[in-house]
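J.: Read off the chains here:
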Amino acid sequence: MSEPIIAIENVYKSFGHVKAVVDVSMEVAPGEVVVIIGPSGAGKSTLLRCINNLEPIDSGRVIIDGVSITDAPDINEVRAEIGMVFQLFNLFPHLTALENITLAQRVVRRRDQEEAETIAREQLAKVGIAEKWDSYPSQLSGGQQQRVAIARALAMYPKIMLFDEPTSALDPEMIKGVLDVMLDLAREGMTMVVVSHEMGFVRAAADRVIIMDNGSIIEEDTPEELFTAPKEERTKQFLSQILHQ
Amino acid sequence: MGLGGNWANRTYHWEVNMIAEAEKLRRGRALPIPWERIPWWVIILSIVGIIIGWSVLTSETYLRVIRFVMGGLKLTLQVTFISYAIALVVGLIFGLMRVTKNPILYAVSTLYVEVMRGVPLLVIILYMGYVITPMLRDATGGRIDLQGIPAAVLGMAICYGAYLTEVYRSGIQSIERGQMEAARSLGMSYLQAMRHVILPQAIRRILPPLGNDFIAMLKDSSLIAVIALPDLLQMGRLYVSRTFRAFEGYNTVALLYLVLTLFLSLLVRIVERRTAIE
Chain A
143 MSEPIIAIEN VYKSFGHVKA VVDVSMEVAP GEVVVIIGPS GAGKSTLLRC INNLEPIDSG
203 RVIIDGVSIT DAPDINEVRA EIGMVFQLFN LFPHLTALEN ITLAQRVVRR RDQEEAETIA
263 REQLAKVGIA EKWDSYPSQL SGGQQQRVAI ARALAMYPKI MLFDEPTSAL DPEMIKGVLD
323 VMLDLAREGM TMVVVSHEMG FVRAAADRVI IMDNGSIIEE DTPEELFTAP KEERTKQFLS
383 QILHQ
Chain B
11 MGLGGNWANR TYHWEVNMIA EAEKLRRGRA LPIPWERIPW WVIILSIVGI IIGWSVLTSE
71 TYLRVIRFVM GGLKLTLQVT FISYAIALVV GLIFGLMRVT KNPILYAVST LYVEVMRGVP
131 LLVIILYMGY VITPMLRDAT GGRIDLQGIP AAVLGMAICY GAYLTEVYRS GIQSIERGQM
191 EAARSLGMSY LQAMRHVILP QAIRRILPPL GNDFIAMLKD SSLIAVIALP DLLQMGRLYV
251 SRTFRAFEGY NTVALLYLVL TLFLSLLVRI VERRTAIE
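Chains as they are written, first to last, in our numbering: chain A, 143 to 387; chain B, 11 to 288.
The hints are simulated quantities; they were obtained by calculation from the structure and are not laboratory data. All figures in this text were calculated on a predicted structure; none of them were measured in a lab. Virtual Cβ for every residue (Gly too), placed ideally from N, Cα, C. Worth double-checking, as some hints may not be accurate.
As the list claims (entries may be wrong) - Some but not every residue of chain B turned toward chain A, in silico, with C-beta under 7 Å:
| no. | residue |
| --- | --- |
| 1 | 117 |
| 2 | 198 |
| 3 | 207 |
Starting from the given sequences, assemble the full structure and let the hints guide the process.
T.: Pasting the structure below:
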């Protein structure tokens, strides 16, 4: 296995008395697609947010491409390499789709307006909504908004993409479009960490599935192994719940 | 020529409209006149304004009062606009300090807000005029002299800066947390995210209270008369004490303030409409 691009070592994170992440260690290799599943409140999203320091960790280490995020000289440089897609899209409502995608390119990557717009249009075309460049987020459907959000993250040319339940706020008919974009990304070799219960995506794209409960990793394996022969009792319980819904 | 063309055009539109109206009537579903959407207050105010304006402008006495207080009107506007501009900047800076995690900056701005909000503006202006100004003059050997307008402007700006600090704070805090997170996840610094993502949204949201304070400030500028500045109110009082025509004198002052505030509130509405997010 090559040098991991994400290394999480004994990470703890609490909110007051609630222990959200308890002694979690894991590694992600470049180009790997890892999906984290588990019951709600298991700490999946918190763990994901610890990777780009949106939640500062209490103890342990998170190393991104050889740089520890807790003592990185400039956390913003590290974050620029990690794209993140949120459950509720979090597009900037006062900017058009195109402006949403050019903003960080200009102020973080220091690209000029023309270059940023060219890249933004490429990314919009890639997620399949090139014609929506001039729309404000409020004029777009949920699925379109999420695709703009993915384009916004991709335009930074990140090495890693984090997806925090990207389809759980979408109407059923919108989900496929977003998952297709994610599948394409996975096939292109993007390193992805995804919190999602879309089993279709897990089977089609995941190299590895991690099951979390009560802040800890219970089990991790390839999707085939995990779905056919889970080792832990809690994994079996959880899988039977989500697979028979 | 332009007039003629315009007129013909308008007549044409009028005819088209009439035909459309007739059509609706014939079909028996005429649109009701949207009574609730007519800005009644504007109509009533306009009628009253025209009556008062007519009687004022045809009255030699009122014209004399207006000419007398004109200089005061100019000073009132000048002090209001400059003070408001400074207060906007002061409020923004302290507002940003109110939302940081830095305990020192937070404490400083909270102290500022609580003190300035708790002291009447009249007292602040008196302080600026009769305490701070002489002290500064003595301490600097006369090089810094705030006597007069600068003292008044600073007093108003410091006081309203405290109110605006709270307005900015509430605006910033009303923006969903996800906005800051999205901006930071893209690699923007805290200040970049503030400037490009949070503030543009927050300021749109706080335009109504900002406009409110602008109008309140125009009226409160009448307090600067206490440090002997010849503003609108002061000139009105001067006129009354000279002529004993209190009725006409204060009518004129009240009317001029009203005209100014109505004008400002119209301005605020226009700005709000222009900056609304589609």
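J.: All hints are to be evaluated individually against the structure, with a verdict given for each.
T.: Right, here's what the structure says about each hint:
1. 117: Violated, about 23 Å.
2. 198: holds, 6 Å
3. 207: Check passed: Cβ of residue 207 (chain B) comes within 5 Å of chain A, closer than 7 Å.
In terms of the numbered hints stated before, the structure departs from hint 1 and from no other.
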